[in-house]
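Q: Spelled out from the first residue to the last, the chains are:
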Amino acid sequence: MTANARRLTPAALERLVVPTEPWLSCEDCFEAMDGYVDALLADASTPAPAMDVHLAACPACAEEAVSLIILVADDNNNDPEPALRRIRRLA
Amino acid sequence: MGDQAADVDRATASAEPRDWVAALTTPGRERDKALRDLHGLMLRAARHQVWRMRPMLGNAGHDTCEELANQAADDALATLLAKVHTFGGRSRFTTWAYKFAILQAATEVRRQAWRKREISLDDAEVWPDVHAGPEQHAEAADLATAVSRAMVVALTGHQRRIAVALLVDGVPIDVLADRLGTSRGALYKTLHEARTRLRRHLAGTGHLPGATEVGGP
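Going down the list, the protein sequences come from chains A and B.
Each residue of the first sequence is one higher than the one before, starting from 1 at the first, in the working numbering.
Each residue of the second sequence is one higher than the one before, starting from 1 at the first, in the working numbering.
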């Protein structure tokens, strides 16, 4: 083992092999995020497979989606929990 | 947050429907008011994001957080105004607007949190974690060993370095993009290709179900 070798934790292992199909770029995720969040707050079971896959594979986009859900729900006195549960299940 | 200004911003946000695009693109008093209101909304979203991620900032105080939020709100507003004609109405306008401020604020916080941290992009070996504990049963340990091998034989050096930095070392993707002079999207594409190669290799060795992933960007 070299001096710079890294340990592969179970969490890192999951991150390495998570599926990323159907493909969606970070830019396309950003484009779609507002519609996705409004749709999930209206009905947390709304199908959005490409967004779901991307958010499971991209922690930065997932953090921003979670944050947007909480903020928009607060504006509209919605319960964010069903939408948040869906995102948490992806992770 | 939670002060009077935040309550006003929340009231502005919930006051839709309002034709924001017309208000923001028609010169006059209405545009000035819309710009003030929109800046308030961007600041609300940027504050929300900065405070969510505050633990990343260590001992950062209220003033530092406010400074970050204000800068992010200003930058996000400028970005939004350049794209306001692209608003397609697939969501409420405020939801669309907030995402710009959240992205900008999150990026700023990550950059600030990592500004003094060195990022190693060496072509490191990756070894299964032998101290992972009893929950890591034999099957998972076998997969970990297989992934370690696959990273050597299935990935290019560049893919391996990016995958290790982002997925093993936990460097935020926009921080790494900044350091490398590239974009979040370009790094995510590299990760996608690396993951696809890993999964295909692992399917071939029987460690994952059949390789169904084809295509890509």
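Hints are supplied without guarantee of correctness; some may be wrong.
Claimed, not checked - Among the chain A residues that face chain B by a calculated CB cut under 8 Å, a handful are:
1. ASN4
2. THR20
3. TRP23
4. CYS26
5. PHE30
6. ALA56
7. SER67
8. VAL72
9. LEU84
10. ARG85
Unchecked claim - Which stretches of chain A does chain B cover? Using the computed rule of at least three CB atoms under 8 Å from a CB of chain B, they are:
11. 5-19
12. 59-65
Hints are computed from structural coordinates only; laboratory data are not their basis.
From the three backbone atoms N, C-alpha and C, an ideal C-beta is built for every residue, glycine too.
Q: Would you mind marking each hint as holding or not holding in the structure?
A: Structure-based check of each hint:
Given the 8 Å rule on beta carbons, the hint for ASN4 (chain A) holds: about 4 Å separates it from the nearest Cβ of chain B. Residue-level restraint check for THR20 (chain A) holds (minimum Cβ-Cβ distance to chain B is 5 Å; threshold 8 Å). Evaluation of the TRP23 (chain A) hint against chain B yields a held restraint, the C-beta minimum of about 5 Å falling below 8 Å. With a cut of 8 Å, the hint placing CYS26 (chain A) at the interface with chain B holds, because the nearest CB-to-CB distance is about 5 Å.
The restraint placing PHE30 (chain A) at the interface with chain B holds, with a minimum CB-CB distance near 7 Å, inside the 8 Å limit. For ALA56 (chain A), the suggested interface contact is broken, since its CB lies about 11 Å from the closest CB of chain B, more than 8 Å. The interface hint given for SER67 (chain A) is met, as the beta carbon of that residue sits about 5 Å from the closest beta carbon of chain B, less than 8 Å. Residue-level restraint check for VAL72 (chain A) holds (minimum Cβ-Cβ distance to chain B is 5 Å; threshold 8 Å).
With 8 Å as the threshold, the beta carbon of LEU84 (chain A) stays out of range of chain B, its nearest partner Cβ sitting at about 13 Å, so the hint is violated. Because the beta carbon of ARG85 (chain A) sits about 18 Å from the nearest beta carbon in chain B, more than 8 Å, this interface hint is broken. Given a C-beta distance limit of less than 8 Å, the hint that chain B covers the segment 5-19 of chain A holds, as 13 residues qualify and 3 suffice. Beta-carbon proximity to chain B at under 8 Å applies to 4 residues in the segment 59-65 of chain A; the threshold of 3 is reached and the given coverage holds.
Hints 6, 9 and 10, counting from the list given before, are not met by this structure.
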